[in-house]
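K.L.:
So you can see what is in the structure, the chains are spelled out below.
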Amino acid sequence: MRWCEYPGYLTGSEVFQNYGCRMFSGLWITFELVAISVTLGFALAIGLAIARLYGPRWAQSVINGYTTFFRGTPLLCQLFLVYYGLGQFRLFWQDVGLWWFFREPFYCAVFTFTINTAAYQAEILRGAIQSIPRGQFEGALALGLHRWASLRHVIIPQAMILGLRPLGNELIVMIKASAVASLVTLFDLMGATRLAFARSFDLSIYLYAALIYLVLVEIIRRVWDRLELRLTRHMALR
Amino acid sequence: MIEKLALLGFGDGGWGLALLQGAGITISIALATLPFGLALGLVVALGKRSENVVLRWLATGYTTVFRGVPELLTLYIIYFGIQILLQRLWEWLGLPGSFSMPPFVAGMVALGVVLSAFSSEVWVGALNSIQKGQREAAAALGLSKAQAFRLVVMPQLVRVALPGLGNNWMVLLKETSLVSVITLPDIMFITTRANVATKEPFLFFGAAMLIYLFFSLVSAWGLGRLEARTNRGYAAFGGATR
Amino acid sequence: MKGFVRFLAAAALTVAGVTGALAQAKEWKEVRIGTEGAYPPYNNLNAKKELEGYEIDYANLLCEKMKVKCTWVVQDWDGIIPALLANKYDIIIAGMNATDERKKQVDFTAVYNKTPIWMVGPKATKGNEITPAALKGKAVGAQGSTIHANFLEKFYKDSNPRLYPTQEEANLDLINGRLDYIVADALALSDFLNGKGKDCCKLIAEVPRDAAIHGPGVAGAVRKSDTALKALFDKAIAETMADGSNKKLEDKWFKLAATN
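Protein chains in written order, with numbering that gives the first Met the number 0: chain A, 0 to 237; chain B, 0 to 241; chain C, 0 to 259.
You can take every hint at face value.
Covered, in the sense of this in silico footprint (three residues per stretch, anywhere, with C-beta under 8 Å from a C-beta of chain A), are these stretches of chain C:
1. 75 to 89
2. 155 to 163
3. 174 to 181
In short, the hints are calculated from the structure, not lab data.
Ideal placement from N, C-alpha and C gives every residue a C-beta, glycine not left out.
One chain only, chain A, in its complex shape (with noise of 0.2 Å):
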């Protein structure tokens, strides 16, 4: 029996048993979207954030407008635009090389999910490097620090602190979402379920998938906790 089988074979289920390898291997499938497209979503959320507070009067309106449209639909249906709406411009995705690209339903899920969490991730920045004192940046900028070093150096670093139970909390937001990739034919763990549950019309897979995502979501929430307690044992906020 591969280790794969032994949750099913424990608890006496049948259906976990046979679908369960099909269904660890759809938990990668979701932690590799996940890592990646939070990951990639963050880098682009810092360089938003700052471009957003700092940046030129057009560009903090085009940011705004990026934020508002994402935040206000759908990833569902941000999922079906990028995933059918852009496969339809196949022929101008081949003249421009991208084809390889939009063509696997993989990197669909990923772009859309990154630029997704981006746009919130971007406003959860942005409200706590606002709520850093403005005099914070006049220091930095008195003891002869330049713009971006007293950005990078004094703000950030209290801004990341401040934010990281939000973006913890979008972490947590983001697994449970990329369930809908199972609806683009990605056998992620609901993609992987949903077949199983086609194949057998067993509803107590459903719990158990249920089961392994309540799991996860409670080891990052409790991972979480102890990083923020350690970030902040330095601050007599508690």
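Fit chains B and C to the known structure of chain A by using the hints.
P.N.:
Frame of chain A, contents of chains B and C only:
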């Protein structure tokens, strides 16, 4: 281009009317879920602050579960699972015929349960913000416990909780898109069907996005007004609202 | 006390706005038919949100013969059997093949239709080899939870199977070039090759039927407990076979694409 836009129109072969109906379903399921989810959330919040250990434990477990499981999965479990459970109950009761839960109710229950888990956190925060002295003062004024809650606690609660609950509403509005998988003909359902019928996915999903965006913007505007209204009288005391 | 609890529960269920189809055990006056509405030419939802197709006409004809009132319920394919079991409707008429796997869950009426299974690909595809070895690493699409999905899963492990919620979405991705092949029954694919897929795609080969996976043909699916309903449909189906009315509807709706 023009003939493509005709697909969104109301003429023959146009999907305009269907899209409007879909938008109607989306907004009605969101509106129907809201009071149910918020009320249940408040009950759960009171449970979390209860002195009874079992109640506290139950309420915390409830939020942990429904905040941790993907909404799509919750929807499937409720749509199929609850239906089968109630069917068994129906038979056990010896009622004639059979039981069938309409997709609208299933969607409402699933979204409402998720909303209650998230809104309970907001309610807890708001309840914590009301000082104990207020209740004591209300008691000293001769108000009963229920009266104190209704007349003293509740108005303040709503004001403090409003931004958080408003956020819950925005999330709910977007989550309604998932009910299309249980065949409720909402915006997403109509657009996926229109997509396969016309081969114009970009046009239709783009249109769906704009409808959702419109709802979001209107909601944001309305919530802003509402917040300004509930905060009347507070600004005078030196911006206590921030 | 127990009686009172039952009364309360019953009252609560009724108040909850629940619709119970009353007293159907003895005689079927009304039948709720579940279909997918995304599988032309069998069943399809048009722009006016009306159902049309061979099975819509055919089932309405059956209802006429059985003298029952029929109502249609549209249900996504993925949930079509669970929703039958959950009593959302009484019979599935949705191009469903009567396979052994499904027989564990539901009973099937008599077979009313049987079509070959095809594999379709882009016009540029060379040759008509469809062995698992030839399709290694290729993206092959099918509708999820269908016999075709099971077929891919069983024989084409080394290919890259992609399962879609509806057949139409798989077709769309073949046009878009995301897929190298799709597998489905010949009628659904003929509809595609005569219509939207005319310019892009062609028939590659017919797929040999595998008895265990594909089953004997298309039939209606009912709950195992509804034997009376099954008998009713069996009789009506036999009538349409005998008087040629089924054939007439098949001819009206089914136009097999020219095979090369």
